[in-house]
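Asks: Sequence:
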Amino acid sequence: MNSRMRNSFILFLVCGVFGDEVKITVMEGDSVTLHTDLTDMKRVIRIMWRFGEDDFVTGLLVMFESLIDKDFNDERFTDRLQIDKTGDLTIKNLRHKHSGRYEAEIIVASTGVTYKRFRVSVLDAPRGIGAGAGDVKSMSVMEGDSVTLHTDVQTQRDDLILWRFGDDGVLIAKDDKEDNKSSIYNDADGRFRDRLKLDDQTGSLTISHVKNTDAGIYKLKISSNNRQTQYKSFSVSFNNIQCCDTVEAVTRLVVTAVMGVAAVAAVIVLGYDIRSRRDEHKRKSDE
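Using mature numbering (1 follows the signal peptide of the UniProt record, and there is no 0), the letters of the sequence shown correspond one by one to residues -19 to -1, 1 to 268.
Keep in mind that the hints were calculated from the coordinates and are not lab data. Every value quoted in this text rests on a predicted model; they were computed, and no experiment measured them. Treat the hints with caution; some may be incorrect.
BS3-like cross-link-like pairs, simulated, lysine-lysine; straight-line CA separation at most 30 Å [as the list claims (entries may be wrong)]:
| # | residue 1 | residue 2 |
| --- | --- | --- |
| 1 | K118 | K4 |
| 2 | K178 | K78 |
| 3 | K4 | K158 |
| 4 | K118 | K51 |
| 5 | K66 | K118 |
Taking the hints into account, I'd like the entire structure generated from these sequences.
Replies: Next comes the structure, spelled out in structure tokens:
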């Protein structure tokens, strides 16, 4: 941090204007933008964003004229912060540890200091949520087999992976790489009990011993600090074609066998008839 910016931390002996605290509620893995509501930046000298309560306040970043300084060592916000030209602060891939008070100290030439305060609450990913729209990959499986729904990515250390099932988007699996914690959930009827497994490297979901009740829509969401949030959808259905083909093949085999037996019997009967006629003709000739 250069000396000019460092000096900007000195307490200004002016009367600050505090606005009402804005309350914001978000879900883990989401992003949030805290708005300064500034339109004319020509008179803005400095914007400093802080996080925390009372004696436990930490600096997040400083916007000083055209310079932006993020030289702070709070690992909770590593690779998570973005600031735009109006000083609006975006925090990506939120977790519970990011809940709390955020404050923007705004110094404007001739008008002094104003403060914008926000109370952000980060909630658990809901157990049920609308499945949403998007492209769907269709997958067909046989009952009793296993199926893997692939993320097609290598997970990063800050990823939050959420798997949901059904039209109601019931949460069935969560993998929080940042906290090194994976969770498998059983919905009300326990249909997936002891049959779900998350791949540690990719976050792919495997369902073993597939049942008819497992058919439906599976939704994947991957939140990350350094890449866009990714979404995938899978439609799992049961393949009865092979079963029908097997029955049809057996039926054809039986019919073919019956027809073969009938043909052999016909040949035997025909041969017997010809032989009988020949014997009768010979007998008449001898008389």
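Asks: Which earlier hints turn out false for this structure, listed by number in ascending order?
Replies: Structure breaks hints 1, 4 and 5.
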